[in-house]
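Below are the chains, spelled out letter by letter.
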Amino acid sequence: MLWVDKYRPKTLDNVLVHQDVAQNLKKLVTEQDCPHLLFYGPSGSGKKTLIMAVIRQMFGPSAEKVKVENKTWKVEAGSRTIDIELTTLSSTNHVELNPSDAGFQDRYIVQEIIKEMAKNRPIDTKGKKGYKVLVLNEVDKLSREAQHSLRRTMEKYSAYCRLILCCNSSSKVTEAIRSRCLNVRINAPTEEQIVNVLEFIGKKEGLKIPSGFTARIAEKSNRSLRRAILSFETCRVQQYPFTSNQSIPPMDWEEYISEIASDIMKEQSPKRLYQVRLKLYELLVNCIPPEIVLKRLLYELLKKLDIELKHEVCHWAAYYEHRMRLGQKAIFHIEGTVSGEKNRALVKLRQKAWL
Amino acid sequence: MSQSDIRKWFMKSHDKGKGNGNTDSKPAKPAQPAQCATEKQPSQAKAAQASQENSGRRKTSKYFSTDKPKEEKESVEVRAKRKNQKDHDESVKPLPAKKIRKVDTNSDDDFILPSSKNSDDATPRKKLKGGSGRGIVQKPLKVDESDEDDLEDKETPVKSSGRGRGGRGASAAPAGGRGRGAGRGGFMNFGERKDPPNKGQKEVPEGASDCLAGLTFVISGTLDSLEREEAEDLIKRHGGRVTGSVSKKTNYLLCDEDIGGNKSSKAKELGTAFLTEDGLFDMIRASNHAKAPAQESKKSVDNAVDRLCTEKKIRRQKIAVAAPCKSAANKGMTSGASAARQSGQSTQHSALTWTEKYRPKVPGDIIGNQSLVKQLHDWLVNWHEQFLDTGSKKKGKKANDSGAKKAVLLSGTPGIGKTTSAKLVSQMLGFQAVEVNASDTRGKADAKIQKGIGGSNANSIKEFVNNEALNINMDRSKHPKTVLIMDEVDGMSAGDRGGIADLISSIKISKVPIICICNDRYSQKLKSLVNYCLLLSFRKPTKQQMAKRLMEVAKAEGLQVNEIALEELAERVNGDMRMALNQLQYMSLSMSVIKYDDVRQRLLSSGKDEDISPFTAVDKLFGFNSGKLRMDERIDLSMSDPDLVPLLIQENYINYRPSSVSKDDNGIKRLSLIARAAESIGDGDIFNVQIRKYRQWQLSQSGSLSSCIIPASLLHGQRETLEQGERNYNRFGGWLGKNSTLGKNRRLLEDLHVHLLASRESNSDRETLRVEYNTLLLKRLTEPLRVLPKDEAVQEVVEFMNTYSISQDDFDTIVEISKFKGRPNPMDGVQSTVKAALTRAYKEGCKTRLVRAADLITLPGIKKAPKKRIAAILEPVEDGLGENNDDPVEESEEESSDAEDIKDSAVGEKLQQELQSLSSKGVQVQVDLKGSGNSSAKKTPAARGKDGSGSAAQKKGARGSGSGTKRKRWGK
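Protein sequence lines, in the order shown, are assigned to chains W and Z.
For the first sequence, position 177 (counting from the first letter as 1) is numbered 177 according to the UniProt record's numbering, and the numbering increases by one without interruption.
For the second sequence, position 683 (counting from the first letter as 1) is numbered 683 according to the UniProt record's numbering, and the numbering increases by one without interruption.
No wet-lab data here; the hints were simulated from the structure.
Don't take each hint at face value.
With beta-carbon atoms standing in for the labels, derived distance ranges [to be verified]:
no.: 1; chain 1: W; residue 1: Arg80; chain 2: Z; residue 2: Leu736; range: 23 to 33 Å
no.: 2; chain 1: Z; residue 1: Thr616; chain 2: W; residue 2: Lys156; range: 54 to 64 Å
no.: 3; chain 1: Z; residue 1: Val815; chain 2: W; residue 2: Pro241; range: 43 to 53 Å
Virtual Cβ for every residue (Gly too), placed ideally from N, Cα, C.
Generate coordinates for the entire structure from the input sequences, incorporating the hints supplied.
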């Protein structure tokens, strides 16, 4: 089993990183009826772990007996019926799903599943909680319509069904939904915290860790605990015993993007643009989400650009990211960014040469 | 221009003419309208006189042609009028030029033609010109200008030519040097043409439209300032002809440097003259001056003589035309009537369209497809011997002849003479042709059996066939033989069902030959018919053939057209002779001299509608002269396939070197154009989302504007290749392919994701899985195989796979999505024996394994939701019991559950084990069964739920079926 999963804390008491949040949540769940929750924070900070722990706290270990199901919903939308298929992860007391997978039909999913859950209210025989929990992932990727329809159903069925929403950025969640939830911000763990966790794992695994090694991993991990643990284990697979100057392998796609970035900086010509396009396609085809590609590309470019251009490039990258969300064919927009940046870089270079 | 305007103008100009005509006649003569450029001026004194006469006469003709078009007696066309006029004037002087001019000015006023040259000042200037043509000149015009002013509106010609020459002289020396350098590059890199070194630097001269007439050019290599397409256009515009390869007929090889290619060596061999671009320009410019007095008088005389000859010829021809009509008159009443009319007045041709008038009269006249006509002829000749006589003489023997078909099927695109040849051949052989036009008769309940039209089309045909057969049998000598022409058979079966089937049965019993005609032989409707017919596929005539024929027609009609123009016409109509004739006739109404440009102009807009493939559309949008396309044309092009065209544009826009950017910009400008185009394409995508997602179809024009038209207009120009060995054509949009690969990979990844989730070890989402987990997963799966000894490695990997429920397909998925082009394959370095061992070990393990993603298989026709509901209600009961069970225990049981099917000695023990853990299994079993749905579950979920603590036997049954399905799924 991977260490990430192996050492994932199962209960609120066991968490290593966000102990204060965990304690608060515990109180919230045990003492009173819990409100809707909205967890937000950067990836790898432990939202999911906390959510699972909260659910376990609510329903006991049975919450861990999950099953995966590919469910089909038949939705009456105006004159036609739409079949929507979605993978759900459910136990007796909770259902977890990723409504944004349904694309622009996510609205129906959100409405339908909440209604359905409300209809099947668990029988309350042994003094158990009379509600189910619905975990919605990636709420920030829900379309605006879905968020609007969520708003109403959330209130209407709140007696039967608690929502736990999970997202990276709360700014993409509408105000209305945010105000209906208890917002829980999960910070990215600090590097010391990460180091602590890594040391803990190392001790459990019985590894010899040279000093400073975990700090380096933590530094490289961009404050994502998951990444830190994963790359820790990658290092372990690659070379053991550790040496203090062991290289920490980057993710495969990150390497590729930095290659692209240096391509872009090396030469600005239509030919190069064409090659970059092919490489971008390669990334996208390998299921790397376009937003991440764009972000990473910007990050790599910023390392190489001179100071006055950085600002501008950031601006345009943001501009194209926004447009990418509006559009459909991500490559078009990334290409727009790339060509725009190439152009700007070139203009700058010319100006320099002129001076 | 409104009618009253014309009148007013006429009155005025007429008055003025009276006053001015005699005083200032000299400048009047040369001021001819644009279409007259080839026409030479008559001598001056006469012109003055004539112009006055003309203006008077013109007025009347004007009124006739515009005001009273319906009056039968006088509605003799302009040409007819001309003829009368001519009879009347002939003795006085050679008139042709004047006549032409008259018609031309006429046309200028009647139809404001969309001609590029004077579109900007069409009305006011034309009035002026017309005025001057009649000898009314307010402005003293220079002799030179008269020829030039229509071509170069803005500048006086003297100036322009002078400037042009100066510019060229100055740039000649440096241009040569640079040009050579570029040329060498072009030679090295075959297939990629370099930019002209002095692109856009020189002024392209405008000369007389026929100055290159009769000359044939071949273009080779890179020219100094013109793109090849531009050069081609220039030559064609001036009456020259451009061919692809050098032959004896080639007059000039146009090239700026001798790059020693195939063409130049051939040219040297044949002694073809070499011509530089400057030389070409000189030739064109020279024509302007050549037109000056020296040649003028001589030419005009020549021309006049020519005209006379042609006029006479026309008359002769017309009589000749009338003759066959007369001979054919007894065939049908209508043709008889028209023949009568024609013989009465030879100029009475307005009743007939040219397509009818110049329909080939003998099979030899048919353009192209002569071998097919011959085949048809032979078939028809032999028909009676082959099929009728067999009945009496050699029965059965010839009937078996597989080569002989009783009917013939002519196919081909419209307007290439299928019907005509069918008719002509049968007429020539003395058959009486009965034409059944399927599209006309459909649905008509006409009882006339003779014509083969009846309540049911096919039925009456049958009758007809039988009747004729009777006739023939009774007295063949008296009655003419008959042939049935079934026109448009592919349009037949729509209205009446079984039409084709009936036609086939008619063919079987027919006693007359049947000729079927269709457009598309491969049509689904005709599939059965094809087997019974001799297939003759007509091909489109070549443009040379068509041009030749059109030339004859034009001559017969007294039109002045050069061959290039006609070839252009032939090309534009896409092989449709009928359309070409119609277009020609239409143009003849407004002008009597038709030039290359006129044809281009007219057919650019009213060209034959054809299906534009997205590729052609993109070619056109990016073409070097797409800047001249009108907006609606561009929209049409981009709408030819609103989904595919933007993709093609997006795929290829980087490859174009915009013609608006000259070379020395070092790419900055080009890149900024590309950036703009890219942004616009992005806009297009956003539009597309609005259209598709929110059904805002009113945005579709804006969408095509920003996704196709803006990028194309920014970047249109020369295409260049970006990759070695790439062909210089527009690539197919890569997005579609990539998107489907993406979809596939995503699906695979989703499978993997679900398996991971089902293993209950991980609950990450898909994205994290790919972005963060994947690297480590890959390492864990491949690294041991590479480093560790075989058995150990396999052991470890299989174990890992089992923990996470990773199937072998998932293994492949992980490897697949980690592959990047230009990176080493992650599976490199793994020996094939190890791979094989892994597969074996995995298969082995698979027997004792439970993949928990069983629920994922959706069986058709099962509603998951309700079942889920039942499960949700029932599960808590069991859950309470199973709470104290841990994962490891479950794991072992799962394995045993499968093993029990093998029925080994440990059955009893396992049963016991099972009984112990019944409660915990309850959940699991139910999950699986639910997934397998009603295919295996004998009991309803409710029942199963109830006997959660029931007998072992029952339990076992449930389990057995459950695992059975499991295995099945796994095999899948």
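Self-check item: C-beta pair Thr616 of chain Z, Lys156 of chain W: status relative to the range 54 to 64 Å that was hinted
Solution: Distance hint for Thr616 of chain Z, Lys156 of chain W holds at roughly 56 Å.
Quiz item: Given a hinted range of 23 to 33 Å, is it respected by the beta-carbon distance of Arg80 of chain W and Leu736 of chain Z?
Solution: Holds: the Cβ-Cβ distance is about 26 Å, inside 23 to 33 Å.
Quiz prompt | Status of the given 43 to 53 Å range, CB of Pro241 of chain W versus CB of Val815 of chain Z | solution = Given about 28 Å between the Cβ atoms, the range is violated.
Checked against the numbered hints above, the structure violates only hint 3.
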